[in-house]
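Sequences and hints are given; from them, build the entire structure.
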Amino acid sequence: MARVHRRRPAPEAPTAAIPPDRAALSCDAMSAVHREAAADTVADWVALVDACYPERDAADWDATGLQVGDPSDPVRTVLVCLDVTAETLAEAAARGADLLLAHHPLLFRPLGRLTPDSAAGRLALAAARQRTAVLAAH
Numbered sequence: 655m656a657r658v659h660r661r662r663p664a665p666e667a668p669t670a671a672i673p674p675d676r677a678a679l680s681c682d683a684m685s686a687v688h689r690e691a692a693a694d695t696v697a698d699w700v701a702l703v704d705a706c707y708p709e710r711d712a713a714d715w716d717a718t719g720l721q722v723g724d725p726s727d728p729v730r731t732v733l734v735c736l737d738v739t740a741e742t743l744a745e746a747a748a749r750g751a752d753l754l755l756a757h758h759p760l761l762f763r764p765l766g767r768l769t770p771d772s773a774a775g776r777l778a779l780a781a782a783r784q785r786t787a788v789l790a791a792h
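Read left to right, the sequence shown gives residues 655 to 792 (our numbering).
Certain hints may be false.
Unchecked claim - For each label pair, taking beta carbons as the anchor points, the in silico distance ranges come out as:
hint, residue 1, residue 2, range
1, 709, 736, 15 to 21 Å
2, 737, 783, 17 to 23 Å
3, 767, 715, 20 to 26 Å
4, 758, 779, 15 to 21 Å
No lab work stands behind these hints: they were computed from the structure. Since we're looking at a predicted model, the values are computed, not measured. Just so you know, even glycine gets a beta-carbon here, dropped at the ideal spot from N, CA and C.
Structure representation (structure tokens):
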């Protein structure tokens, strides 16, 4: 089972940006940073994950960051998983997750087309149809 994070109400006044010394955080510590950062949108979560695990530290061949979704969409519930699969997408839908935070990227190589003819295409289309953003933090 994947880990679920539900959004808590934002504080009255948002706190400052995440300091650079928070680069190596556990999942629990990242959750605490999330509460401080008031991550309300997909874009906020992208920034939060990048602050904790900078994309610049990824290998050149790696595919990290937002892979499916609209950065301006609101996020109330996050499901954390290792891989994006049909099962994790179904669980995200069942739990009402707006964001699927995956360790391994769904889209690893550039797609020539986005159709259900490939496994990655089927999953990306399913995520988009159910309005579940996919963020890879590999």
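Here's how the hints hold up against the structure:
1. Between residue 709 and residue 736 the beta carbon distance is about 19 Å. The supplied range of 15 to 21 Å therefore holds.
2. Against the hinted window of 17 to 23 Å, the Cβ-Cβ separation of residue 737 and residue 783 comes to about 19 Å, which satisfies the hint.
3. Between residue 767 and residue 715, the C-beta spacing of about 22 Å keeps the proposed range 20 to 26 Å intact.
4. The supplied range of 15 to 21 Å is met by residue 758 and residue 779, whose beta-carbon atoms lie about 18 Å from each other.
Comparing the model with each numbered hint stated earlier shows that all of them hold.
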